[in-house]
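Each chain, letter by letter, is given below.
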Amino acid sequence: MSDAHPIAIRLRGVTKTFGKGESAVPALRGIDLDVPAGELTMLVGPSGCGKTTLISILAGLLSRDGGECTVFGQDLGALRRDRLSAWRRDNVGFIFQQFNLVPQLSVAENVSVPLVLKGESVAASVRKANELLATLGLEGRGKGAPLKLSGGQQQRVAIARALIHDPRLLVCDEPTSALDAELGRRVMNLIKDRSRRADRAVLVVTHDDRIFHLADSIAHVDDGRIDRIERGHQHAAPKELRP
Amino acid sequence: MLRFAIKMLFGDSAKFYGILLGLGFASLLIAQQASIFVGLMSRTFAFIGEVGHVDLWVFDPTQSYVDEPKPLRATALERVRGVTGVEWAAPLYKGLLVATLPDGSRQVCDVIGIDDDTLAGGPAEIVAGSLADLRLPDAVMVEVGSSQQQLRFPAELPPGAVPAPGQMLDPKGPKRPVEIGDIIELNERRARVVGLVKCSETFVAAPTVYTVYSRAITYAPPARRVMSSVLVKAVDGQDTDALAERISRETGLSALRPNDYSMRTLGYWMRETGIPINFGIAIALGFFVGVAIAGQMFYNFTLDNLRYFGAFKAMGASTPRLLGMVALQALVAGVLGLGLGLGAVSAFGLNAAGGKLAFKMLWQIPLIAAGAVLVICILASVISMWKVIRLDPADVFKGP
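Going down the list, the protein sequences come from chains R and Y.
Quick note on the numbering used here: the first sequence kicks off at 1008 and runs consecutively.
Quick note on the numbering used here: the second sequence kicks off at 6 and runs consecutively.
The calculated DSSO-like cross-link candidates involving lysine-lysine, where the alpha carbons are at most 30 Å apart (straight line), are: (1) K1155/R with K1135/R; (2) K75/Y with K361/Y; (3) K1125/R with K1150/R; (4) K1155/R with K12/Y; (5) K177/Y with K361/Y; (6) K392/Y with K1027/R; (7) K12/Y with K1135/R; (8) K238/Y with K75/Y; (9) K392/Y with K12/Y; (10) K1150/R with K1135/R; (11) K238/Y with K203/Y; (12) K12/Y with K1150/R; (13) K20/Y with K1150/R; (14) K1155/R with K1199/R; (15) K1199/R with K1125/R; (16) K12/Y with K1125/R; (17) K203/Y with K180/Y; (18) K1155/R with K1125/R; (19) K1135/R with K1125/R; (20) K203/Y with K365/Y; (21) K20/Y with K1155/R; (22) K203/Y with K361/Y; (23) K392/Y with K1125/R; (24) K20/Y with K392/Y.
Simulated from the structure, these hints should not be mistaken for laboratory data.
Based on the sequences and whatever the hints tell you, model everything.
In structure tokens:
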């Protein structure tokens, strides 16, 4: 745990079970986790270990069965469904593994969605989206269709969408799974840059050991529990990604 | 987000056009079949509307509709004239008689015999000739549409001429429209065309031939009762309902205002024939085709976009906001589909105007079609909305 940074996310004894009776499947068996603000934390572990359930709970997408979950001081269990939606809209940015870019909307419109959800006009939101796209190397691509972009470009659009409303918590699900090593490194640097503020936190679920070295801490999840937490430089970058 | 909802709808062109065609076809089928039904049913009482300046129709009490042959005794006319409050009463003959053309071809005609003196009950529009010419010997007037179709004359016979003795005319030879002066036979009695008239298509669809009452009954087969109805004009200030009741009481006949008589005729065709059921089935089919095609297409459209709705939900879009998007998509598709269908029906109606096809689009019909499309859209969107309501935003983290 970091001594320098305040805690952005605090989980205590969080449990979650899917199904009931004999068919009940425990996904989380009592998670204790502190995610410091201003850091990039990775959740790693085998498929089915509970990573996705864990990020869904701490992003306010899924309710927990037991325990405590506080994000930037907000107890998510205390929020009603409509308030929870508004909290997500104002505080969380998502980068999905499948990008989930709407093909019928332009690139800039896709990026503008979080701002439009916050009540900004489409025109102003699209203008800001184009500015942000330019900083991500996608200048002039705002009017194009997202499906005409390469996988790496689509991922950058997804990152732009996650960042445009300046969320406090950035949740990334396998952000480099569709990218080659070089592109993966550039994307992760973009994401890591976002975590370098005291009122921000970045959570990354990944299997990609090529990016482990970029994490400030890595929480290993196994069978619904935090198995161990590695901090700082306990994890070395793969040879091909070292500077 | 509503603007994005519209873009999502228009952007998936294959499904959008599928939804549009489904809704358009449904509204087309509903409005077109309803208009044809109304047009067809209107023809059952069209003749009653053609007869102007009449306050009451008097007829046999057992008569169900205007074309039903339930003739009255000749004395009925005098009895009606004797009722207080009747300004004048005129006899009317209406019956199907066989016309023979110079080439030997035969055609059933709807012969209308109107009062010799007042000519009450005459056609609304004279195209050629004068109504008073009906008083000339053997005079008849022919409906202009049928003069160019069922009653066409051999082209080799000049207008007004009769075949020379022994002259054979080919029934399959070239034809020309009936003209003033032409001679036909009605029940093997001579009839000379003195004019052309325009009147509404009737349900029988036989050519309409007008003549005076006294001549019409000579064309009709001999019978003790030949008078079809008595047309009544009430004196000024006379309440027609009270007069109708008085006529019924004093003569034992039925007396109805034209509008009520039309409804009685319409009611007979509605109750006693399978026409409403047949058209009802066609209209219901249109509705269910709309539900099946447009509903399924819209549901599939929503299913295809469910992952994006899930992403929006994860990003903080509330469920009501997403439902609003789905509702707007359904509404826009519905309005455009309805416009497409009604536009096609209107084009169909304009094309059918003046022809044989019965078509009458009342102002209520587009509203009914709109209501049906609205129900289709609601059904389709409610099922789609249910998927959106049940959508778990955490599903966005699941794989494809």
